[in-house]
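Asker: For this one, chain R is given, so just place chain Z on it according to the hints.
Quick mapping for you: the protein sequence lines, in order, are chains R and Z. The numbers in my numbering rise by one with no breaks, and the one at position 44 of the first sequence is 106. The numbers in my numbering rise by one with no breaks, and the one at position 420 of the second sequence is 482.
Because the hints were derived from the structure by calculation, they are not lab data. All figures in this text were calculated on a predicted structure; none of them were measured in a lab. Be a bit skeptical, because a hint or two may be false.
Just so you know, same-sequence chains aren't split out, so a pair can sit in one copy or run between any two.
No farther apart than 30 angstroms at their CA atoms in a straight line, the calculated lysine-lysine pairs in the DSS-like style are these [stated by the list, open to error]:
1) Lys580 with Lys193
2) Lys188 with Lys113
3) Lys209 with Lys294
4) Lys429 with Lys193
5) Lys294 with Lys207
6) Lys113 with Lys429
7) Lys467 with Lys193
8) Lys209 with Lys307
9) Lys209 with Lys188
10) Lys467 with Lys188
11) Lys209 with Lys467
12) Lys467 with Lys113
13) Lys580 with Lys209
14) Lys509 with Lys467
15) Lys429 with Lys467
There are 2 protein chains.
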Amino acid sequence: MSHRYSLGLDFGTESARVLVVDIKDGRIAGQAAQAYAHGVIDQTLPTSGEKLPPDYALQHPQDWLDSLAAAAHAAIREARIDANSVIGIGVDFTSCTMLPVKADSTPLCLTPEFKNVPLAWPKLWKHHGAKAETQRINDIARERKEKWLARYGGTIGLEWFFPKMLETLAHAPSVYAAAEVFLEAGDWLVWQLVDGPFPRCAAGNLTRSTCQAGYKAMWNAKTGYPSRDYLKAINPRFADVVADKLPGMLRSPGRQAGVLSESSAALLHLRPGIPVSTTIIDAHSGVPGAGVASPSTMVMVLGTSSCHMLNSRIEQFAPGIAGVVEDGILPGYFGYETGQASVGDAFAWLVQTFGLSHETLSREAEKLAPGSGGVLAIDWFNGCRTPLMDANLSGAFVGLTLSTKPAQLYRALIEATAFGLRWIVEALQESGVPVRRFVASGGLPNKNPLLMQIYADVLNERITLAESDQSVALGAAILGCLAAGSEVTGYAHMSQAIHAMARQREDLSYRPDLRSRKAYEQIYPLYRTLCHCDGATANVMRQLRELTS
Amino acid sequence: MSHRYSLGLDFGTESARVLVVDIKDGRIAGQAAQAYAHGVIDQTLPTSGEKLPPDYALQHPQDWLDSLAAAAHAAIREARIDANSVIGIGVDFTSCTMLPVKADSTPLCLTPEFKNVPLAWPKLWKHHGAKAETQRINDIARERKEKWLARYGGTIGLEWFFPKMLETLAHAPSVYAAAEVFLEAGDWLVWQLVDGPFPRCAAGNLTRSTCQAGYKAMWNAKTGYPSRDYLKAINPRFADVVADKLPGMLRSPGRQAGVLSESSAALLHLRPGIPVSTTIIDAHSGVPGAGVASPSTMVMVLGTSSCHMLNSRIEQFAPGIAGVVEDGILPGYFGYETGQASVGDAFAWLVQTFGLSHETLSREAEKLAPGSGGVLAIDWFNGCRTPLMDANLSGAFVGLTLSTKPAQLYRALIEATAFGLRWIVEALQESGVPVRRFVASGGLPNKNPLLMQIYADVLNERITLAESDQSVALGAAILGCLAAGSEVTGYAHMSQAIHAMARQREDLSYRPDLRSRKAYEQIYPLYRTLCHCDGATANVMRQLRELTS
Numbered sequence: 063m064s065h066r067y068s069l070g071l072d073f074g075t076e077s078a079r080v081l082v083v084d085i086k087d088g089r090i091a092g093q094a095a096q097a098y099a100h101g102v103i104d105q106t107l108p109t110s111g112e113k114l115p116p117d118y119a120l121q122h123p124q125d126w127l128d129s130l131a132a133a134a135h136a137a138i139r140e141a142r143i144d145a146n147s148v149i150g151i152g153v154d155f156t157s158c159t160m161l162p163v164k165a166d167s168t169p170l171c172l173t174p175e176f177k178n179v180p181l182a183w184p185k186l187w188k189h190h191g192a193k194a195e196t197q198r199i200n201d202i203a204r205e206r207k208e209k210w211l212a213r214y215g216g217t218i219g220l221e222w223f224f225p226k227m228l229e230t231l232a233h234a235p236s237v238y239a240a241a242e243v244f245l246e247a248g249d250w251l252v253w254q255l256v257d258g259p260f261p262r263c264a265a266g267n268l269t270r271s272t273c274q275a276g277y278k279a280m281w282n283a284k285t286g287y288p289s290r291d292y293l294k295a296i297n298p299r300f301a302d303v304v305a306d307k308l309p310g311m312l313r314s315p316g317r318q319a320g321v322l323s324e325s326s327a328a329l330l331h332l333r334p335g336i337p338v339s340t341t342i343i344d345a346h347s348g349v350p351g352a353g354v355a356s357p358s359t360m361v362m363v364l365g366t367s368s369c370h371m372l373n374s375r376i377e378q379f380a381p382g383i384a385g386v387v388e389d390g391i392l393p394g395y396f397g398y399e400t401g402q403a404s405v406g407d408a409f410a411w412l413v414q415t416f417g418l419s420h421e422t423l424s425r426e427a428e429k430l431a432p433g434s435g436g437v438l439a440i441d442w443f444n445g446c447r448t449p450l451m452d453a454n455l456s457g458a459f460v461g462l463t464l465s466t467k468p469a470q471l472y473r474a475l476i477e478a479t480a481f482g483l484r485w486i487v488e489a490l491q492e493s494g495v496p497v498r499r500f501v502a503s504g505g506l507p508n509k510n511p512l513l514m515q516i517y518a519d520v521l522n523e524r525i526t527l528a529e530s531d532q533s534v535a536l537g538a539a540i541l542g543c544l545a546a547g548s549e550v551t552g553y554a555h556m557s558q559a560i561h562a563m564a565r566q567r568e569d570l571s572y573r574p575d576l577r578s579r580k581a582y583e584q585i586y587p588l589y590r591t592l593c594h595c596d597g598a599t600a601n602v603m604r605q606l607r608e609l610t611s
Numbered sequence: 063m064s065h066r067y068s069l070g071l072d073f074g075t076e077s078a079r080v081l082v083v084d085i086k087d088g089r090i091a092g093q094a095a096q097a098y099a100h101g102v103i104d105q106t107l108p109t110s111g112e113k114l115p116p117d118y119a120l121q122h123p124q125d126w127l128d129s130l131a132a133a134a135h136a137a138i139r140e141a142r143i144d145a146n147s148v149i150g151i152g153v154d155f156t157s158c159t160m161l162p163v164k165a166d167s168t169p170l171c172l173t174p175e176f177k178n179v180p181l182a183w184p185k186l187w188k189h190h191g192a193k194a195e196t197q198r199i200n201d202i203a204r205e206r207k208e209k210w211l212a213r214y215g216g217t218i219g220l221e222w223f224f225p226k227m228l229e230t231l232a233h234a235p236s237v238y239a240a241a242e243v244f245l246e247a248g249d250w251l252v253w254q255l256v257d258g259p260f261p262r263c264a265a266g267n268l269t270r271s272t273c274q275a276g277y278k279a280m281w282n283a284k285t286g287y288p289s290r291d292y293l294k295a296i297n298p299r300f301a302d303v304v305a306d307k308l309p310g311m312l313r314s315p316g317r318q319a320g321v322l323s324e325s326s327a328a329l330l331h332l333r334p335g336i337p338v339s340t341t342i343i344d345a346h347s348g349v350p351g352a353g354v355a356s357p358s359t360m361v362m363v364l365g366t367s368s369c370h371m372l373n374s375r376i377e378q379f380a381p382g383i384a385g386v387v388e389d390g391i392l393p394g395y396f397g398y399e400t401g402q403a404s405v406g407d408a409f410a411w412l413v414q415t416f417g418l419s420h421e422t423l424s425r426e427a428e429k430l431a432p433g434s435g436g437v438l439a440i441d442w443f444n445g446c447r448t449p450l451m452d453a454n455l456s457g458a459f460v461g462l463t464l465s466t467k468p469a470q471l472y473r474a475l476i477e478a479t480a481f482g483l484r485w486i487v488e489a490l491q492e493s494g495v496p497v498r499r500f501v502a503s504g505g506l507p508n509k510n511p512l513l514m515q516i517y518a519d520v521l522n523e524r525i526t527l528a529e530s531d532q533s534v535a536l537g538a539a540i541l542g543c544l545a546a547g548s549e550v551t552g553y554a555h556m557s558q559a560i561h562a563m564a565r566q567r568e569d570l571s572y573r574p575d576l577r578s579r580k581a582y583e584q585i586y587p588l589y590r591t592l593c594h595c596d597g598a599t600a601n602v603m604r605q606l607r608e609l610t611s
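Isolated chain R, as found in the complex:
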């Protein structure tokens, strides 16, 4: 049988990437990336040149289509494959990146009426304009003791979907009124593939991902979106936002959203009718992309920040989790997302702020014993995500003496992120969610063996490494394969496809060292003492933030 391929379309913050992946073994036959022409729009609006407020981060929807087409052409050309051998397409996208559109999917920012209104443009995930709105959404939810709040560790994030809609209602009411649909960019992109491109689409053919909706829009398979009463309590004009502006059928990633439309097929130089998977958030795509199909395996995406994902048969509300969502990562499981807001960027802070060298620090840090010669760090340089979910916390070093060396601070930072990870694992387990295996992916594992060894020692667990350094885009391709269906692919079960197309490295894994593990058993409680949610350190951090910001 000739080779068949799935495309993984990976929409990042700066560019779109296309992977052509052999569904038999996950081999990458071709790949290409294309930067967005407008990149991140955070200075001036491209149409009017208007200066944007400092919290703004927008994107241009046409960039997504243009970069996709260019990258797809190049990847397929590199792969030298017959376009007819592509049997599925999967899409991952940053989230919550969202936009207001008309019922035919035309972005409002591309209409003459709204092209000069910043809030008519897609808001990138890191757009931070909705501070007051987030506060109100949380306050009212707590007041009303909304049950769904527990699924998000008790706090709705500034970057999420409802805060971003409410911001538009508050600051650009005409945009809000004209928006017939608010949706995630990933959902919009899939809609374009199966029904478009715009303005051909019909709202009736819109599929939304349970991943994006579940993690970012407080949607739940059993109870749907937040209630009208709750939304009305926030703002009477917000009461009917769900009924009025959130049409669409919800499906899990890996389920077919539709098949490639004729126009979109022409755009991508592919045949029409190829199954397209419902979209997934980029980080979550790394779970199948790391070759993980089974529950209770934590996939740790380690980078500037870290995101730890887990599928489980059990639904529990753990403190400070970013979310627990049924069918949120893979169909049939409750998907847990937890996170550490600052990991690689804390190391980079140390290196850059003091003009040091990663290599030298790493070499020196490796010679130190667990405990970094008496220095203990707190890794909250960008606040604490899981489990405390508190952006007002900050980083710290304790145990400094006149002979403390930079390498001690560096190792202490690594150890602190390891302690923070162990805390997350314990919080899940104490909530009744088992965590049994650990797979690392992302930028850090292959770059920083010291970090990996410390993580294994602190967790007292073996850690394996995702084989592919493209696990996010590879995960999207796997979802494309799943969307094609078992009759086409021959994979009877989801897990068969995942294990065939993605694996962990066999040549390298990290196992706990007995002596280090014992040392960390003694130091970890000190980290927990220092990091106590209502402890002196955390309270001082919060008050400092209040007094000096």
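Answerer: Structure of chain Z alone, referenced to chain R:
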């Protein structure tokens, strides 16, 4: 009337300095310093070449006499004065620098029998060989609830007199047995001047300073040295150490210990019969040297570490003070010594560890508002002296973010030392010891105006600066003038002499800035919370030290 002069003999860690000072106005007519030939002996013994343990720091007694003679000749030559116009001599010395001698004042280390035994040599103040002995001295004192312990804030220091004697008993019993007198180097030096040099001296003519004895040897004007019962409980062979090995008459600094002997006059090229003051600890000499004669004025000697001295009419036991000693600094007052173990050397740590520039940091730090942009430091880089008296505490930074700059750490360190000082002042005041005025001396005040302004803002007090940058040696000269007596000098009262010979700067003082002061009123409580003696941070620091040392 022709000019008359007092000599200030200042024995530091590395050299002896001689000041020739006009007693009319404190003008320095001449000065010279001479390094000790053997410096600090911490590697090998000069006689045998034997390698010394890492905790050892010894000196050579002949160095003191040789450097004194050379510096005195040069200073008098520079001053171009008639040797007959010298009317008094004062001596300050590092402490507790101590040595075992024979009854005729001959140092044991200069005898053939003991020249090769390290513990027969003078132990410099920073000799740290007596760790176990200090522990035992404290343990037994606490067990027996010795009343005098409260005068030292509850803890006897590793560098003090009894630990150093007990170390000799434990580790060099033959030296201990042969020692007819143990004494402070300052006392030995004065003894040489008035009765020597050795081997001419008689134990009957030995004067000991109430300053050295009071601060370093648990001596008290009313109760004397610790009791025989206590010393026996430490070690039966230590029971009679006071009766057997601590002869001498106790006198306050500024009181005459005797007059210059013929041989010593010849050594210094001076006339015999010049009154010589009882010695004083170098730091304490800075009180008269800063022009401070009155009670309730804190003299802050700000340097690598800081020492804050205060005379008071009131005797109270404040927590963590280095000591309260009657006649300890000036006759007629209770002298308080308090300290911060790490000040300038914490700033130097930051600068040197990260290869930064003091000038750049200082310039950037000056632009920051109180609170260092949200960074709070703990200044215990060398443990906490007053008020917690705990060497196992350590430094910390809290409030770090990904945008924290080195200048924020620098300013936070300065602010932390200011908060630490305010804590000391409050501890004294809460114990019933008033502190009304503040005079700064030492190396930092003229070098670091930002620090001075922050201290004024945090204390909410005006701070004046000692006029002389030689306040320690100047203080010794003032004591020499006092020892000469009012009939010779014309100064009816001690305060007249002090105010005539030393002053504070009139051109410069630091006053609290209203806005900064208000900001610090809010931040200081956060420092206190973080620094709570039994708080999480302090406990974590202690456990970290235990686990990793």
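Asker: Against this structure, judge whether each hint is valid.
Answerer: Evaluated hints:
In this homomeric assembly, Lys580 and Lys193 come within 30 angstroms of each other (Cα to Cα) only across copies, at 29 angstroms, whereas the closest approach inside a single copy is 44 angstroms. Only within a single protomer do Lys188 and Lys113 lie at most 30 angstroms apart by alpha-carbon distance; the minimum there is 18 angstroms, versus 63 angstroms between protomers. In this assembly of identical chains, Lys209 and Lys294 lie within 30 angstroms of each other by CA distance solely inside one copy; the values are 17 angstroms within and 71 angstroms between copies. Taking the closest pair of Cα atoms, Lys429 and Lys193 come within 30 angstroms of each other only across two copies (29 angstroms); inside a single copy the shortest separation is 44 angstroms, beyond that limit.
In this assembly of identical chains, Lys294 and Lys207 lie within 30 angstroms of each other by CA distance solely inside one copy; the values are 15 angstroms within and 70 angstroms between copies. Taking identical chains as interchangeable, the C-alpha atoms of Lys113 and Lys429 lie at most 30 angstroms apart only when they sit on different chains, with a minimum of 28 angstroms there against 50 angstroms within one chain. Within a single copy, Lys467 and Lys193 get their C-alpha atoms only as close as 39 angstroms, which misses the 30 angstroms cut-off; across copies the closest is 26 angstroms, which meets it. Within a single copy, Lys209 and Lys307 get their C-alpha atoms as close as 23 angstroms, which meets the 30 angstroms cut-off; across copies the closest is 80 angstroms, which misses it.
In the homo-oligomer, the alpha carbons of Lys209 and Lys188 lie at most 30 angstroms apart inside one protomer (27 angstroms), although the nearest pairing across protomers, at 64 angstroms, exceeds that limit. In this homomeric assembly, Lys467 and Lys188 come within 30 angstroms of each other (Cα to Cα) only across copies, at 23 angstroms, whereas the closest approach inside a single copy is 35 angstroms. In the homo-oligomer, the alpha carbons of Lys209 and Lys467 never lie at most 30 angstroms apart, since the shortest distance is 49 angstroms inside one protomer and 42 angstroms across protomers. In this assembly of identical chains, Lys467 and Lys113 lie within 30 angstroms of each other by CA distance solely across copies; the values are 28 angstroms between and 44 angstroms within a copy.
In this assembly of identical chains, the alpha carbons of Lys580 and Lys209 never lie at most 30 angstroms apart, being 41 angstroms within a copy and 43 angstroms across copies at closest. Taking the shortest Cα distances, Lys509 and Lys467 sit within 30 angstroms of each other both inside one copy (23 angstroms) and across copies (26 angstroms). For a Cα distance limit of 30 angstroms, the shortest separation of Lys429 from Lys467 qualifies both inside one copy, at 12 angstroms, and across copies, at 28 angstroms.
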